[in-house]
Amino acid sequence: MATRRLTRKEQIQQTILYPVDWIEERSGLVGGIKYFLFRKVPGDTNWFQTLGSATLTAFIVQALTGVILAMYYKPDPTIDPRTKLPVAYESMQHITNDLWAGWLVRGMHRWGASVFIILMFMHMGRVFLFGAYKYPRELNWIIGVLLLAMGLGEGFTGYLLPWDQTSYWATVVGVNLNGTAPFLGPFLAQFLNGGTYINSDTLSRFYAIHMLMIPGAIAALIGLHLYLVIRLGVTSPPWSKEAAGTGPLDGHTPNGAVGRSGLSRFRRGK
Amino acid sequence: MTEPHDDHPHVPGPSLWPVGFAIGIVVFLVGLIISWWVAGLGAVIALAFAFLWVRDLTAGTALAHAPDVAPETGGAAADEPAAAAVHDEPEERYPRSKFLELSTLGLGGVIGGIVTAPAVGFMIAPAFLKQGQKDHDIGPLTDYPEGKYLIVTYMADASQGEVSRRTAFVRYNGQLKGQPSFTIISNHCAHLGCPVQANGPLDEKNTKHIGDVTLIPTVSIAGFGCPCHGGQYNTEGNRTAGPPVRALDRYSFSIRNGHLFIGKPFSVSHVDGAGASAVIHKWTFSFPGEHVNGLESWLYPIQPPH
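Which chain is which? The protein sequence lines are A and B, in order. Under the working numbering, think of the first position of the first sequence as 1, with each following residue one higher. Under the working numbering, think of the first position of the second sequence as 1, with each following residue one higher.
What the hints contain is simulated information worked out from the structure, not anything from laboratory work. All C-beta atoms, glycine included, are put in the ideal place defined by N, C-alpha and C. Take every hint as true, because none was put in to throw you off.
In silico DMTMM-like pairs for lysine to aspartate or glutamate, Cα to Cα no more than 25 Å straight-line: (1) B:134 with A:201; (2) A:84 with B:162; (3) A:84 with B:157; (4) B:264 with A:201; (5) B:130 with A:201; (6) A:74 with B:157; (7) B:148 with B:212; (8) B:208 with A:80; (9) A:84 with B:212.
Computed far set for chain B versus chain A, every beta-carbon distance over 10 Å: (10) 98; (11) 199; (12) 253; (13) 257.
Footprint (simulated), chain B over chain A, 3 or more residues, beta carbon under 8 Å: (14) 75-82; (15) 172-185; (16) 193-202.
With the hints as constraints, model all of the structure from the sequences given.
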């Protein structure tokens, strides 16, 4: 059989597609990414529905800048005998004043924290006003509330890290606020302090909670949150004629394929 | 009847009752601040609308007609071939395979437990064990003039360094039954633990340093005030204004070889009288913001080991 020589365009295409095909054949990941990104959504989705991905972006910015800050920050409350300043405070000043673009990365992390919290609340408000928390998405609302709590926990633990007067006394007040919760409050406060008072272990304790414990939980919960978004589909705005969530769910069985129906109901709605 | 059930699986109809419920809650909360009468009215409104709301929610749902729904769902599931497959008879299984499955899960659980228990214990236990503080020498008795407060700071645990520095207001009250009497008040506000300040001028020129202890004399002070949320206390540490829930904490003390030693802290609900003849109503050391007596103290039945 005579084989036709490939055109230049085809050659380039093959070169690009070869590694993609190689990965797809062995992992199915390319199909998975397509399934994740190229979903059917209602025709009249709205700019307000980008608040969720904006929140996700804010979290990714926090995670990346946080990892970089962790390369220079030292969670050590002892006093440096040379400067008479705590090592943690000194390292924070070093990041801000001495290191190239340190002020920028720390500023992104510091102000980005507020952006993250504000976006979470705006996203929550959108979901509430669009009625997107209703059946079958109640579980995703609950996961979202857990994410909000985790985000506030990040704010609380991160605030101590500069180890200046503001952060120290704000943490004293915050820990004691936890302490006033009925019954288990005093135990919670003592757990947070790592003792009766803020002590030499408290800063590294807050640092570990801030950069390892809660971010891990947030990442896992975001995974669940997105899984449910993909499985259940995107809600139409309340004024939509497509009326998502009010059409019959095909395959609606106790353990049936709600996810498929979540997509197909938009196709049939047209 | 089946169609509306399919259309609105679990979504209740629009209702104004939650609005009334919310108004009731707001009236109740406002009433807690201004008067019990208003609080009662709010509670009645909230309860009435909550009843109406719940009645609306339960009408025409599974809660009201449980028997109607159950067979319907079962029938729908049987029509679906995919779902029917789930109800198929499970494959016959060998006892060995069951045993292996159970032992894998069981062993995995045991290994997980053995690894997790000490790790979680290590995370929690140090916060509760070996608490409390040793008595600390805060200088000779001759440094404490009668009837004047001194601001004393000291390092509670030298191995922890400056982070363990604490502040107390110490006043010598003269002799009581042949023994020296001291008032030692903690600077931790009984609201949320901010550092209360002496209300009055300090004599900072005559500050003394004895090792890690610093003594700052005061000229004359009218009490203590908190910079964070405005709590005010008189010279005995009794709350006079603001949000604190009790008097300022105090420290026990002892005297050895002519030196004053600061001891363990304890909480105080209030103090009657003043100076050496004061009657201190003493309670177990509690975190700031916790009532130590009265109805609200029932919220904090157990204190962790401090």
